Structure formats: structure tokens, C-alpha cells
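Chain A is fixed; fit chains B, C and D onto it per the hints.
There are 4 protein chains.
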Amino acid sequence: MKPAVGVIGLGLMGRPMGMNILKAGYPLTVWNRTASRADELVAAGAKLAPSPHEVAAASDFLITMVSDPPALEEILWGERGAMAALKRGSIYMDSSTVSPALARKIAAACAERDVKFLDAPVTGGDWGARKGELVFMIGGDAETLKEAEPVIGVMGKKWFHLGPNGAGQTIKLAMNAILALQVGALAEAIALVRRSGLQAEKLVEVLQSSMARSGVLDVKAPNLLKGEYVPSFSLRLMHKDLGLALDLANQLGVPLPATAAARETYSAVKGASQEDLDYSAVMKFWNR
Amino acid sequence: MKPAVGVIGLGLMGRPMGMNILKAGYPLTVWNRTASRADELVAAGAKLAPSPHEVAAASDFLITMVSDPPALEEILWGERGAMAALKRGSIYMDSSTVSPALARKIAAACAERDVKFLDAPVTGGDWGARKGELVFMIGGDAETLKEAEPVIGVMGKKWFHLGPNGAGQTIKLAMNAILALQVGALAEAIALVRRSGLQAEKLVEVLQSSMARSGVLDVKAPNLLKGEYVPSFSLRLMHKDLGLALDLANQLGVPLPATAAARETYSAVKGASQEDLDYSAVMKFWNR
Amino acid sequence: MKPAVGVIGLGLMGRPMGMNILKAGYPLTVWNRTASRADELVAAGAKLAPSPHEVAAASDFLITMVSDPPALEEILWGERGAMAALKRGSIYMDSSTVSPALARKIAAACAERDVKFLDAPVTGGDWGARKGELVFMIGGDAETLKEAEPVIGVMGKKWFHLGPNGAGQTIKLAMNAILALQVGALAEAIALVRRSGLQAEKLVEVLQSSMARSGVLDVKAPNLLKGEYVPSFSLRLMHKDLGLALDLANQLGVPLPATAAARETYSAVKGASQEDLDYSAVMKFWNR
Amino acid sequence: MKPAVGVIGLGLMGRPMGMNILKAGYPLTVWNRTASRADELVAAGAKLAPSPHEVAAASDFLITMVSDPPALEEILWGERGAMAALKRGSIYMDSSTVSPALARKIAAACAERDVKFLDAPVTGGDWGARKGELVFMIGGDAETLKEAEPVIGVMGKKWFHLGPNGAGQTIKLAMNAILALQVGALAEAIALVRRSGLQAEKLVEVLQSSMARSGVLDVKAPNLLKGEYVPSFSLRLMHKDLGLALDLANQLGVPLPATAAARETYSAVKGASQEDLDYSAVMKFWNR
Numbered sequence: 679m680k681p682a683v684g685v686i687g688l689g690l691m692g693r694p695m696g697m698n699i700l701k702a703g704y705p706l707t708v709w710n711r712t713a714s715r716a717d718e719l720v721a722a723g724a725k726l727a728p729s730p731h732e733v734a735a736a737s738d739f740l741i742t743m744v745s746d747p748p749a750l751e752e753i754l755w756g757e758r759g760a761m762a763a764l765k766r767g768s769i770y771m772d773s774s775t776v777s778p779a780l781a782r783k784i785a786a787a788c789a790e791r792d793v794k795f796l797d798a799p800v801t802g803g804d805w806g807a808r809k810g811e812l813v814f815m816i817g818g819d820a821e822t823l824k825e826a827e828p829v830i831g832v833m834g835k836k837w838f839h840l841g842p843n844g845a846g847q848t849i850k851l852a853m854n855a856i857l858a859l860q861v862g863a864l865a866e867a868i869a870l871v872r873r874s875g876l877q878a879e880k881l882v883e884v885l886q887s888s889m890a891r892s893g894v895l896d897v898k899a900p901n902l903l904k905g906e907y908v909p910s911f912s913l914r915l916m917h918k919d920l921g922l923a924l925d926l927a928n929q930l931g932v933p934l935p936a937t938a939a940a941r942e943t944y945s946a947v948k949g950a951s952q953e954d955l956d957y958s959a960v961m962k963f964w965n966r
Numbered sequence: 679m680k681p682a683v684g685v686i687g688l689g690l691m692g693r694p695m696g697m698n699i700l701k702a703g704y705p706l707t708v709w710n711r712t713a714s715r716a717d718e719l720v721a722a723g724a725k726l727a728p729s730p731h732e733v734a735a736a737s738d739f740l741i742t743m744v745s746d747p748p749a750l751e752e753i754l755w756g757e758r759g760a761m762a763a764l765k766r767g768s769i770y771m772d773s774s775t776v777s778p779a780l781a782r783k784i785a786a787a788c789a790e791r792d793v794k795f796l797d798a799p800v801t802g803g804d805w806g807a808r809k810g811e812l813v814f815m816i817g818g819d820a821e822t823l824k825e826a827e828p829v830i831g832v833m834g835k836k837w838f839h840l841g842p843n844g845a846g847q848t849i850k851l852a853m854n855a856i857l858a859l860q861v862g863a864l865a866e867a868i869a870l871v872r873r874s875g876l877q878a879e880k881l882v883e884v885l886q887s888s889m890a891r892s893g894v895l896d897v898k899a900p901n902l903l904k905g906e907y908v909p910s911f912s913l914r915l916m917h918k919d920l921g922l923a924l925d926l927a928n929q930l931g932v933p934l935p936a937t938a939a940a941r942e943t944y945s946a947v948k949g950a951s952q953e954d955l956d957y958s959a960v961m962k963f964w965n966r
Numbered sequence: 679m680k681p682a683v684g685v686i687g688l689g690l691m692g693r694p695m696g697m698n699i700l701k702a703g704y705p706l707t708v709w710n711r712t713a714s715r716a717d718e719l720v721a722a723g724a725k726l727a728p729s730p731h732e733v734a735a736a737s738d739f740l741i742t743m744v745s746d747p748p749a750l751e752e753i754l755w756g757e758r759g760a761m762a763a764l765k766r767g768s769i770y771m772d773s774s775t776v777s778p779a780l781a782r783k784i785a786a787a788c789a790e791r792d793v794k795f796l797d798a799p800v801t802g803g804d805w806g807a808r809k810g811e812l813v814f815m816i817g818g819d820a821e822t823l824k825e826a827e828p829v830i831g832v833m834g835k836k837w838f839h840l841g842p843n844g845a846g847q848t849i850k851l852a853m854n855a856i857l858a859l860q861v862g863a864l865a866e867a868i869a870l871v872r873r874s875g876l877q878a879e880k881l882v883e884v885l886q887s888s889m890a891r892s893g894v895l896d897v898k899a900p901n902l903l904k905g906e907y908v909p910s911f912s913l914r915l916m917h918k919d920l921g922l923a924l925d926l927a928n929q930l931g932v933p934l935p936a937t938a939a940a941r942e943t944y945s946a947v948k949g950a951s952q953e954d955l956d957y958s959a960v961m962k963f964w965n966r
Numbered sequence: 679m680k681p682a683v684g685v686i687g688l689g690l691m692g693r694p695m696g697m698n699i700l701k702a703g704y705p706l707t708v709w710n711r712t713a714s715r716a717d718e719l720v721a722a723g724a725k726l727a728p729s730p731h732e733v734a735a736a737s738d739f740l741i742t743m744v745s746d747p748p749a750l751e752e753i754l755w756g757e758r759g760a761m762a763a764l765k766r767g768s769i770y771m772d773s774s775t776v777s778p779a780l781a782r783k784i785a786a787a788c789a790e791r792d793v794k795f796l797d798a799p800v801t802g803g804d805w806g807a808r809k810g811e812l813v814f815m816i817g818g819d820a821e822t823l824k825e826a827e828p829v830i831g832v833m834g835k836k837w838f839h840l841g842p843n844g845a846g847q848t849i850k851l852a853m854n855a856i857l858a859l860q861v862g863a864l865a866e867a868i869a870l871v872r873r874s875g876l877q878a879e880k881l882v883e884v885l886q887s888s889m890a891r892s893g894v895l896d897v898k899a900p901n902l903l904k905g906e907y908v909p910s911f912s913l914r915l916m917h918k919d920l921g922l923a924l925d926l927a928n929q930l931g932v933p934l935p936a937t938a939a940a941r942e943t944y945s946a947v948k949g950a951s952q953e954d955l956d957y958s959a960v961m962k963f964w965n966r
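Protein chains in written order, with our numbering: chain A, 679 to 966; chain B, 679 to 966; chain C, 679 to 966; chain D, 679 to 966.
Calculated from the structure, these hints are not laboratory results. All of these numbers come straight from a predicted model, not from anything done at the bench. It is possible that some hints are incorrect.
As the list makes no split between identical chains, a pair holds if one copy fits it or if it spans any two.
As the list claims (entries may be wrong) - List time: in silico DMTMM-like cross-link candidates among lysine to aspartate or glutamate, alpha-carbon distance up to 20 Å:
{"id": "1", "residue 1": "K880", "residue 2": "E821"}
{"id": "2", "residue 1": "K783", "residue 2": "E752"}
{"id": "3", "residue 1": "K783", "residue 2": "E757"}
{"id": "4", "residue 1": "K680", "residue 2": "E906"}
{"id": "5", "residue 1": "K824", "residue 2": "D804"}
{"id": "6", "residue 1": "K783", "residue 2": "E751"}
{"id": "7", "residue 1": "K765", "residue 2": "E790"}
{"id": "8", "residue 1": "K880", "residue 2": "D738"}
{"id": "9", "residue 1": "K824", "residue 2": "D792"}
{"id": "10", "residue 1": "K880", "residue 2": "E906"}
{"id": "11", "residue 1": "K880", "residue 2": "D819"}
{"id": "12", "residue 1": "K962", "residue 2": "D819"}
{"id": "13", "residue 1": "K904", "residue 2": "E790"}
{"id": "14", "residue 1": "K725", "residue 2": "D738"}
{"id": "15", "residue 1": "K836", "residue 2": "E883"}
{"id": "16", "residue 1": "K962", "residue 2": "E906"}
{"id": "17", "residue 1": "K835", "residue 2": "D804"}
{"id": "18", "residue 1": "K809", "residue 2": "E718"}
{"id": "19", "residue 1": "K880", "residue 2": "E827"}
{"id": "20", "residue 1": "K880", "residue 2": "E732"}
Bound-form chain A, shown alone (with noise of 0.2 Å):
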């Protein structure tokens, strides 16, 4: 029989990695803060629950999704908590991204609980989430990932095992500062290309046919081109990850001038109550 799983966090990504649980046809048991999320879920067969901990009481395999630390210490210390109620050998994935550290604070309590924890942030958006096809950077014991594969694998096409708890943040963490970066680029070069009074247009076309082509100049420099800002990943939640970047680095003092000088940029954006748009929208940085 196949093991329960829950799913504690149903927002853009959340849903869609339900989804995908269900048809493969595990049990699935749901929790999200506004419970309205679950409606399609339980709809195709989900559960759902009063609160984290019944989750987390309900599932062989638990999966948390939210959108940032708090979010997650309060889903796993808060009331009616998850961590107090997890089984004894079940296994929990957090794909949330949050600290390297508080991935570490999680491994160890749940050591203590004889519960076998992945930090396990994904990429690919809530299109990869739709199609099944997330890629996972994973942290943790390579026997609980081997474990793992299956549910990871109906929600996933690739994963990959990074090293020890923690390291899946970390990778993600450096993943997300790089595009940051690179879409922070872009936009520095359309405005000087603009306001040299040259097409923007144009420069994209050369781009694309130089050592400066990249995944971000096909996604994002369509958004900076039109002024159209439509998320698939928050500014919010990018400006977020620049700061759990920053802070890691700061910790083990690794200076990161770029990475900070880009993250003041998107803070502008942010300051600007434009937050809930597309990250690309750091672009309006020098379209204010």
C-alpha cells in the first residue's frame, strides 16, 4: 500500500504538488492557513485537516510549502503545531526556501523525534510544479532520499543530492542570487541602452546570439521589454531570498558586492508597493 502524505502549504506551488500526489494515487491529507486553497484538492480526493498537526499526525510522508521562515516555524512550533506530531520513522521534506540554518534546526529536532528530515527547495516555477516536472536540490541522508524517490519523482524530473541538511537551502540560496543577478543585469543594460536612445529591442537580439544568451534572457527579458510584469515568481519572495543570501554570507563572511548592490535595487522596487509583481519588475528601478 502507498504510503500517506501530507501537504501543508497550498499556494501557487503547494497546489499543483498536491495535485500530482493525488493522481499518483497516494492518500493525501491537506493544510493551508486559508482553507479555501484546498478546495480543489479535496475536490480530487484530498483530506483535509484542522491544523499542521493533524497533518503531520496523518502522514508517512509530510511536505511543507510556504512562502518564507516565519511561515515555517510557526506551521511547526506554532499551535497546534506540526512537529510534535510527527511519526516516529516517517519522513518530512521541506521544499519552503528558508535558511541553510533553520533547515539545520529542523534536522535536529526531528533526529531527536526519530524522523528523517530532506531539506529539498525546488526550481522550475509553478509551471514545473503543473506539469510535474520541479527540479529538487536536496540536503540530507542519502539513504531517507533514496526513500524519498518515489513521491519526489511524481512531482519532479530531477534531483539532486547536494550534501548534508542544509545544503539544499544553500544551493537554492545561490541559485536565486544568480538570477537575481542576472536579471538585475539585464535591466541595467536596457536602461543605458534606452537612454542612449538606441532600441532595447536590439540589444535583446544580440544577446541572444553571444556568450550572454541564458534561461533569463528567454523567460524574463520579454517582461522588461513590454513593462509587463505578470509573476511567476514575486519580487516579494525574490527580494526574500536576496536577504536569507545575503544574511548566510554575512555569517560565514563571504562579501557578495554585487549580490547586496543588486538587492538594493529590488528593495526600491519594493519600497515602491511593487512587490506583488514579477521580479523582473526590478526594472522599474530606473523607470520610476
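Okay, now just chains B, C and D, sitting in the frame of chain A:
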């Protein structure tokens, strides 16, 4: 009969460009400050002139390809410079990377002499130059470009008409700022991951499966991982181009915070006497 | 009769603050994680309590002076913490440097218990603490401040009422960002002058005669010139305060580009294990 | 008999400097691109020359005081330029702020003509120029300085001999980088405090009682608080000097991360067409 071509500046780029011109059957006159750099071309049929002046005097289509603005100004307006000898009705194309302001100054001087000028910096590296697969970023008249295309086509696979004189340089500087930032972003991420005790190779592997994939990742990540920086484009030249991009931005009053921050890291590596390495040696900012 | 005072946190600042309170004739109860730090105060008449809880229970006026937000949270809400023991109607004044958000969280918890809270970080260093010449930056009710002034006046020469709870911390963080940048600016200028082959001592001499004269120049330039960084305020703490200032700015969406850039230089020096030196050791960023 | 003095460049600084020379009884010849700027000096006894050439030819002691390197090069080497007319054995002192490299280039040209050159930029503003209380930062021979002191003493209250030619400019650029960063730091702090809902006036009041007190705080804080930026030193010129300082640092390979970050904020304000205001108008970066 094919027009007579001249090439001034026979470095890593100018030599193979000249060779492709010869192979295509154009009569070629060349000059280089260090004359021995011309040996191979002379052996292949080029004529070595005693100064830039004679190259210009002998050419229907003059090409310059030197390392920086002062070198170009010296070649054009220094002793026995080329400008005064350019033939009425001839085409002059500069493929060096210099400021848009200098490109416009040259254009004005050419216009006085009834010479048709294109600013036409390239991308593609020495490998692209040998293969005849350079990409040209061109500023100037569409008609002049039309007339120049047969010669350009011998050296390059693609060319973009980007606007009036200066436009080629502007787009080139914007592109190089992006490249420098992409490499800088990768270096920051690798430094962070390594200081976290993880393998940077795994970061690169994950990036390849994500939206952060890029030409820079393919070409430069191996350098950064191995700490080997055999120059395909030197840190000295990238540092110069960053300076030109920031000068332009500052004249126009366009803030480029991330580019400016990255430039200081390149500068530190230059200050450690590593400027003849590939620009990916910016990694040494963290490895001191 | 004088109100009973409590001091929790007996570091470089807390000890002399406690001593001045004793000298002024207030009954004093103290606690410190490392108990031996209390010896001098106990010898002078203070009572050493077994935990923060007992200090709070014994005090009409509680003062905390610890190194960072986690230390303060532990003292207030950890095992045998102070918060639960604060007396109805008593005054609690925190002189640590923490986030305005934590100050407001404490204020809310105090309000529930009918305790009057002031956030009151200080400037003036250990020298000012010994002399009783600290400057207090205060957030909270004007009436509470009025009531607290006799005790504050024993430790300080000046106090500023800056607004509601959190205001003291906000102003303190802004001040420390300025100090860190002033020292950073001086370090950058010294590095530039020295690399130019000139004597930095002459730069400092000229600055003294110019609008660039400053308290920082008087106090910190000698450190930078001699390369001696005996801590009066450690780089570790300044680095922490820069992090708090940038966190605040990022939450509010206020870009602080120069502060962010300077922070990365402090971070690099921290990463080279020099964080126990005075914060003027940021000079080592250039002297590696 | 007193030596004949020449002054080229009659802006906010050059006019009062010339007036003090006249008052001290020196015969004075002057030139300015806009001749009407000389009216007051001519009325007071100066002779207006038709070009820089004639000023140099008439002077035993030539002073230039112009706004930037291109202006100085034009005056020295342009049509009817001063260099070719400088008298053997005369003293030439440039008080403009230019690059150390240009100062050394001028020194070499002077040496060929047996002219004694001092680079001698000043601080003290137009107020100091009127009062004869400028501070001179001097590069060049000690003997030449000795010989120049009577004339310098008429315009200034202090002068510092800082090293060989170029040293004056190097120290001046380092000083202006510090001033720009101090103002920038203050602007960042004020922006943070205001966005926090507090009064920036209180921040300034507290700073006055702390180690963060400074000449900049005294002179520029009122501008920032009121949002009034009557120019005593224009943002255009400060932006230029930051560019010169960063150029110098980049040639030497000295990273100046905070200066570079601050420069981009000045640049943004320049881009908003506010460059004729005082440089404290960098505050507008946050007030857009």
C-alpha cells in the same frame, strides 16, 4: 576587382580577421605596432606598411582592431596616423571596443573627409575570428553597411544594424557589462557555496538544469571551478570595458549599481597583478 | 527610598553602568551569563541573582544590556526569563542595540503586564559608561521617560526622546550605519593614497583642516594609520548593527547602496577571523 | 618689485582668488572663456588678455582654475594655449581638480620648458576664496613651493606639501570621495529615519552629540533636512571628482566599493537634471 582592404591592429582578433580577408581574395595591407605580429599574414600574401598612414592610403576599406581608446586615437591622429590618409569615398570600420563618444568623434572627422564610417565592435572571441563566425554590432548608415557587407561577411556570420554611429559601441558595452556581471554572479555564488563546505561543482550541475543556465555557465564555469584562467578575453580588457560602460552611464546619469559593484571586484584582481588572465579570474577576489 | 534597580548583561558597558547606579545609592540586583563578570559589582554591594527571572522580580527599574537580539530574547523569554517576572507598574529599559521590531514586540508584551517600557540604546562607548557620560536614544512614552530620568541621569549626560517605542533603536541603527560608512570612507581613501605611493598621515592632516573633519577622524584615524585595532567597539558588533540597519531598510523598501557596499567589506574582514578587533579593522579589507 | 601674476578661469573660485592677488599689490592679467566674468577684476585693476597664451606670456606666476580636465587641456594646449607661452623660469600652479595623471603630464611639459609646476587644488569653497582662507593641497618641488608661498599666502591660510607632482590632486580626490560618502551616508540615514515615520531633525540632533559629528553634518545637514540645495559646490563637480577618484583607483587596482556605490546615487540625481544644485542634492535619490 575586389576592393583593397587594410587592417591595423594584429592582435588575437586582428590576425585571424586579416587571414579570412586574404583567403577571400582581397588584397590586404596591414600594420601593427609590433611588426613581427604581421609575419604570418605577410607570408600569406599581405603587404606590411610602415605606418597607419600608408595602410589608409592604400585601402578602399580600412579596418582597425586595437585594444583601447588611446591606442585608437594614436593610430588615427598620432604621428603618421591613418585619418589624414583615408581616401575620399572609402569605408572605414572600427571593430575595437571604445566609447560611443569616440565613435561619434571619428564619424565626424570621417564625414569631413567624405569617408563612410561604421563603428562595428564584435563578439565571438578569437575562436569566432578564426572560424569567420564573429557577430558584428554596427552603428552607422544603412547604405554604408550594405556596401560593407561583402567584407564583413568574410569575417562574421551575423551582423546587426543598431542605429547611427556610436550605437554599435553602446550595445557592445552593454553586452560586456552583462557578461562581466554574469561571471561575477557565478563567482559570488561559488564563493558562498564553497565557504558553506559544499562542492561548487554541484551548484553548476544544478544551474545547468535551471533558468540560470547560460552561455557564460557553459564557457566560464569550468575556469572558475578549476581555478584555471587561460585568457580568451583578458581581465584587463574586460576591466577597461566596464570602465567605458560606467563612464557612459555616468555621463547619461543612469545608475548601474550592480555593474559598479562588480567592477570593483575586477579592479581588486587587477590590483593583484592578475590582469593578463581571463576575466573569469575575478574569482580570485574571493580566493586571495 | 530609592527604587530597586536590576541590570542584566554585565559586559564592557553593563558593568560600569551598574557601578554608577550603585554609587548613586540605588539598591542593585544583577545577572550575567558568565557569573564572574559580576564580582566587582558584588564586592561593591550588588546582589547577584541566580537568573534573569529573579532580577526582574526584585526590581522597580530593570535594565538590560546585551550583545544582540537572540541574547535579549533568551533573557526575556528563555528559561527563567525576565519577562514573566516583571512587576506591574515597574519600568523596563533595554539599552542593547536590537531591531525596532523587537523593541515593539517587547513593548507589546510589557503593555500586557502593565510594565512601562523604554528602548534606550546608547552611544559613548565603555569610556562614556565609566564616566557616566553616555548619550541615550529613547523610544517610548514621555511620561515613562520623565519617571526614568533620575536613573538615566546617573549613567548618562544626555538623553533624547525620539518617538514611540522602536524610535530609539531606529535612530541608533541609523547612527551606526553612518559611523561604519565614515570609517569605511576613510579606509578607502587611505588605501587609495597609499597605493598612490603617498603617506596617508598627510591625508589625515589635510582632512583635519577641512569640512571632512569629524569625530571619527579624531578617534579612528590613528587606528587606521598604525594598523592597531584595540577594540572599543568590536567589528563583530558593528557588523551586526549594519545587518540590523539593512534589515530595517529592506523591510521598509529604502535602498541604502553605500551602507550595503560598506557592509560587504566589514563582512570580508569578519570572514578573515578579525571580528574581535575594533571595527576600524575594516582597513584590513585592503591590507590583505 | 612684485612678480606679475596671471589667472585663467574666473568662476566662483577664480574671481575672488584674483581679487585677493590684486589687493595684495600684484600686477594681474586674466582670461576667461566668457569675458564678462572678468569685469569686476578689470574694474579693480586687472588686465584682460585676449587668450590664455597672452596671460602666460605676461606672467611670472600663472594660476589656472577651471572646472575639469578637458577645460584645462584646452587652455594649455588648445588654440592660443598657455603652455607654449610660459616663460622660462616662471612658476605655473594649477588649482583645478583634475587627475594626478594630467598633473604629471603638465609637469613633464613644464619641465621641458624650464617652468616650475605645482599641482595645487584647494578646499574651502567660494567663501574661503573670498576670505583668503583656502587650504592648498600641493604636489611638486619643495623649493618651488617655497618660492610660491607669498602668492599662495594671499589666497590661503594653510598649505600642505604632500609629495611630488600629482600628490596634490591625489589627496584632493581622496578628500572629495570622503565628503561625497559622508553626505551620502547622512542622506541614507535620513531616508531610513523618515521612512520609519520619525523626524530626521532628531537624528541630526543626536548625531551632534556623538562621534558621528562632523563638518559635513554642520554644513550640509540643514540642506538635507530642508530640501534646499543652493550650490556651494555643485553636484556636477562632485560627480566629476568621484569619477576622477574612481578612475585613479581603478588604474591602481584599489577597490572602493562604498565610493562606487555612492557615485551611482549621485549619477541618478545628475540623470534627473539636478546637477546644478549643491551636491547635497544627492538626497533626491530617495525623494523622487
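Now the hints, each set against the structure:
no.: 1; hint: K880 x E821; verdict: between (51 Å within a copy, 19 Å between copies)
no.: 2; hint: K783 x E752; verdict: both (14 Å within a copy, 17 Å between copies)
no.: 3; hint: K783 x E757; verdict: both (18 Å within a copy, 19 Å between copies)
no.: 4; hint: K680 x E906; verdict: neither (44 Å within a copy, 50 Å between copies)
no.: 5; hint: K824 x D804; verdict: neither (25 Å within a copy, 47 Å between copies)
no.: 6; hint: K783 x E751; verdict: both (10 Å within a copy, 17 Å between copies)
no.: 7; hint: K765 x E790; verdict: within (12 Å within a copy, 37 Å between copies)
no.: 8; hint: K880 x D738; verdict: neither (54 Å within a copy, 29 Å between copies)
no.: 9; hint: K824 x D792; verdict: within (17 Å within a copy, 55 Å between copies)
no.: 10; hint: K880 x E906; verdict: within (18 Å within a copy, 34 Å between copies)
no.: 11; hint: K880 x D819; verdict: between (48 Å within a copy, 16 Å between copies)
no.: 12; hint: K962 x D819; verdict: neither (43 Å within a copy, 33 Å between copies)
no.: 13; hint: K904 x E790; verdict: neither (52 Å within a copy, 40 Å between copies)
no.: 14; hint: K725 x D738; verdict: within (15 Å within a copy, 54 Å between copies)
no.: 15; hint: K836 x E883; verdict: between (31 Å within a copy, 11 Å between copies)
no.: 16; hint: K962 x E906; verdict: within (11 Å within a copy, 27 Å between copies)
no.: 17; hint: K835 x D804; verdict: within (14 Å within a copy, 38 Å between copies)
no.: 18; hint: K809 x E718; verdict: within (17 Å within a copy, 57 Å between copies)
no.: 19; hint: K880 x E827; verdict: between (45 Å within a copy, 19 Å between copies)
no.: 20; hint: K880 x E732; verdict: neither (56 Å within a copy, 37 Å between copies)
When the structure is compared with the earlier hints, violations turn up for hints 4, 5, 8, 12, 13 and 20 and for no others.
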